[in-house]
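Student: Single-letter residue listing:
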Amino acid sequence: MSLLIYQAALARTYLDANLRTAVRAGDQSALAEFDLSPDEFRNIQQLICDRAQEIDLFATTLQRKRVERLSLAYKLLRGHLGPNRWKLLCDRYCAQVTVQAFMTPEQDCARFGAFAKENLDPPAEHADRFEDLLIFEGTKAEVDAVLLPQWSGNAPSDPLPAEARPYLAPHARLRVLRYLPQVLADWANGALPRPVPESAPVHLIFFRRANGADVKVMQIGRWLAALLDRADGRATLPELVEQIASLSRQRMTLQDVWKSMTALASTGIIAFSRPQGEPS
Amino acid sequence: MILPTERLGVGLGYRPELAADLDRYPGEVDFLEFTGDHCFSPSLMAQAQAWSRRIPGVCHFLSLSIGTAEPLDPEYTEKVGEVLRQLGGPWFSDHLAVTRVQGVDLGHLSPVAFTEETVEIVSRKAIYLQERFGMPFLLENITSHFTLPGASLTEWDLLTKIVERSGCGILLDVNNVYVNASNAGFDPYDFLRGIPLDRVLQIHLGGAVMRDGVMIDSHGHPVPEPVFDLLEFVCDNSPVSAILLERDRNMPAFEELAGDMRRARSILDGARTAESAPAKALPA
Ligand SMILES: [Fe+2]
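Chains as they are written, first to last, in numbering that gives the first Met the number 0: chain A, 0 to 279; chain B, 0 to 283.
Since the hints were derived computationally from the structure, they do not count as laboratory data. The structure presented is a predicted model; accordingly, all values stated were derived computationally and were not measured. A couple of the hints might just be wrong.
Stated by the list, open to error - Calculated pairs, DSS-like style, for lysine-lysine (alpha carbon to alpha carbon, straight line, at most 27 angstroms):
id, chain 1, residue 1, chain 2, residue 2
1, B, Lys-160, A, Lys-215
2, A, Lys-215, A, Lys-258
3, A, Lys-64, A, Lys-215
4, A, Lys-64, B, Lys-78
5, A, Lys-116, A, Lys-86
6, A, Lys-215, A, Lys-74
Stated by the list, open to error - Cβ-to-Cβ under 10 angstroms is the rule here; a few derived chain A residues that face chain B:
id, residue
7, Tyr-5
8, Leu-9
9, Arg-50
10, Asp-107
11, Arg-177
12, Asn-210
13, Ala-212
14, Val-216
15, Gly-220
16, Asp-255
17, Lys-258
Beta carbons: idealized from backbone N, C-alpha and C, even for Gly.
Bound conformation, chain B alone (with noise of 0.2 angstroms):
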């Protein structure tokens, strides 16, 4: 599927609590993230729809489970459908995730094998997703703790080999990149080498702390800086057209969210201004 080139720019996921300052500081936020699931809910949906006629949005899901080797549950799937009529956008994403198996529902983001079964099974219904929605569809990388036994491949090779079997793009959270590359040792610029980064159109953006010896993505810190290198680096090599802020624990003022959206834009904006230039160089 070609994927769309306009930009959106910075945005924030869409939560009620944020429509005041939304009102307050018009034309900080580009774009709003409405996270599908919510949406299912007729309130929340009549919200994103009131806000989506004033600011673009774009639709994330959470438990499509694209990951399980099972079919996509036929109900959900009706529903992230009717999300998608009603409130539109250039493309939709969920994660590249077990959330969801043989009716048990974990109600959070378990990781897939690192396996060609895992390429051949979320391909397909990538696929079959785009064709049903004729929207692009973006998967997201996600943190793990751990990998499971028997990998065959690198966790990039395996969202490259998705990427490249289905025809679909990516959301790339570069802050879940960095906090797997800190727990599992690897360098985060081999994921960002690895992936065909001419598919990224979205990022995440988020905060990610320490604890126990264990690197977690927080949701609720502000941005390291080693993160925001690794969105000058995937900015400056790939038509991104979307970075999203990831916040939704300890909110802090306005501000504080504009000031990194501000800092964000900047980078998106140089990487566009420089578009001509050559790409730089990528670290060693």
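One chain only, chain A, in its complex shape (with noise of 0.2 angstroms):
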């Protein structure tokens, strides 16, 4: 065997207790992936039934390591769930959702997000919360796992064509709350917290500025983020504004878009498609 095979096949069985236990059990299917013999199974089953006590103490090591970044990504979430919940939802997602080939941390946070929003069963009254609070966590942490290495955009040009197409970057998530972001965090200091008026959602844009950086989120008024709702990279400008004009009272003009677009741009957020051509 490889030493490279022989890596690789006990890296998967340090991150899956579940593998370790059929190993164990001598199932030779539990590592089928990597094509061993009978003899190289038998000395990878030995190794972690003969030091079955440091291989577990060394897999809860990774394990404490990966659920603390958890922590530092749903900072919020696990102040409300308290220690015990927490415990116990990181220990159901580290068992059902193994660390895969080429998946980094950010995905991993970012996975976990999902995970918790279908397998969280908060009380009845929190109920709208905790959805804000995934939203919002689990927004940062998508957006924290976006790979970004060449991406850069189209720099708008001055003053940008009539036929400019904004779309959001793929690094930028647009979402909407009942509770503003404060709020939520203030909920984990005791205080109860209060949604906006249905009338007046809170609209957040939530991005990155370059790969490694940290996620920012800023809140924008309803027509910007009806606006950026809209756009795809196939609607120019006017197009937009007309389709949002309803929206307002006060008709938006094409040139406070425009100071609003070129903002936006400068920061990354959104990029223009070529004038009549797909997003690039």
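Assemble the dimeric complex from its two separately framed chains, guided by the hints.
Tutor: Now the structure itself:
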């Protein structure tokens, strides 16, 4: 067996408790993907049986490190669940979702958000707050997990051509909440959060400026949110302004929209597809 | 590669929470160790750059995974180079470990096999890293609760062979030596006597704690007395330039950290003043 295959098979067994149980029980199919001979399988089986306690302790350390990263990404959720429920949720997640090849720690955090959404059963009186909390922290994790090695978008020319068609950058997300993020954070300190009026929800953009940069969250107005929601790289700015005209009593001027779009483009939140073209 | 001889002194690992104390106690921290992986974030890189203009710094990485039997990850290595270009330093370091294999990121340090094959794999990469970045590379010994089967070398023989073959230096974590010795039942001084101490440039000094009969490198407890003894032995017998106090959990008041740092500094200073005197006898 090459050392690389041996290392890869070991890495999998460190990370997956169910796999360790199967290998200990002699189930060769557990490591089938590594194409091991019966002798090679026995070699690994022997290690994880002979040093069972030490390997399990090491596996616990790996999981602790994984949960530490989740705890950082989901500080608010952890605060609200309390240590016991948080631990239960993390244990379930780690048992059901093992670390896979090319899964970055950021992608792991993003995946946890989706898992928590499906598996949390919050008390009914707090259901909408938990929902917002998960949207808030889950979207941050999701944006953090976007790989941005090359993406730079199209810098807008000044002035923007009338046919410029804006679209939301791949590392930006638009979300609507019923609670202000600050209110959700105060909730952790014991304050009872009050939602904003239903007629005026909180519109947020989550984005990053560069690879490795922290996720930023910016609150935007209703009309801009509506415009970005429709910005798919196909409609021109005048077309978008026309589409959202009914949302504002005061009709937005093209010039206002122009200014906002230019500002958003300079932070990389939106880009422009080439005239008559598809998004680049 | 010729190793630098300038003395850095006694330092701490940089973390943003330390900034206020670094300001309040100027002169207590001789150098900062920047975790290179954290500096991939532009905001932490900006902080590290600002601090490195005030206090000398060295970069320490976590995920080169130098023990994996596949080439270095080109993207990660490129990022390492970028951090080194921006922060510089007299050397850079990472662990003698496997952290990633075939795209699977363990998120932590796992042990390498103590074999000639590992010597070959690690040496080749250490040579490459030193040539590529034009800077000495130091390998740090890790803790491990088990050794992989088929070992033909001891841990210290493995480290020695890699250092001799590649010309790299050693970041000796004396706490890790203490922890492995306690768990595996060997004499920590056998480890120290077994490695080329003249290649030790930096030391990691940390806390350990016994949990369920197993010694753990906690990075969250005071430095045990036997670890200070190991430190003294190494300082008396090697050209140590820098001692880093590792503490990243249960952070005590800065004064407590400063106390351990002063003690480490006096050990380093004592070793320096006794430089012309014959080396201390090795403990039996
Ligand atoms: Fe260390």
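Student: Now tell me, hint by hint, if it's right for this structure.
Tutor: Status of each hint after checking the structure:
{"no.": "1", "hint": "B:Lys-160 <-> A:Lys-215", "result": "violated (48 angstroms)"}
{"no.": "2", "hint": "A:Lys-215 <-> A:Lys-258", "result": "holds (21 angstroms)"}
{"no.": "3", "hint": "A:Lys-64 <-> A:Lys-215", "result": "holds (25 angstroms)"}
{"no.": "4", "hint": "A:Lys-64 <-> B:Lys-78", "result": "holds (22 angstroms)"}
{"no.": "5", "hint": "A:Lys-116 <-> A:Lys-86", "result": "holds (16 angstroms)"}
{"no.": "6", "hint": "A:Lys-215 <-> A:Lys-74", "result": "holds (16 angstroms)"}
{"no.": "7", "hint": "Tyr-5", "result": "holds (8 angstroms)"}
{"no.": "8", "hint": "Leu-9", "result": "holds (8 angstroms)"}
{"no.": "9", "hint": "Arg-50", "result": "holds (4 angstroms)"}
{"no.": "10", "hint": "Asp-107", "result": "holds (9 angstroms)"}
{"no.": "11", "hint": "Arg-177", "result": "violated (30 angstroms)"}
{"no.": "12", "hint": "Asn-210", "result": "holds (8 angstroms)"}
{"no.": "13", "hint": "Ala-212", "result": "holds (5 angstroms)"}
{"no.": "14", "hint": "Val-216", "result": "violated (15 angstroms)"}
{"no.": "15", "hint": "Gly-220", "result": "violated (27 angstroms)"}
{"no.": "16", "hint": "Asp-255", "result": "violated (31 angstroms)"}
{"no.": "17", "hint": "Lys-258", "result": "violated (27 angstroms)"}
Checked against the numbered hints given earlier, this structure breaks hints 1, 11, 14, 15, 16, 17; the rest are met.
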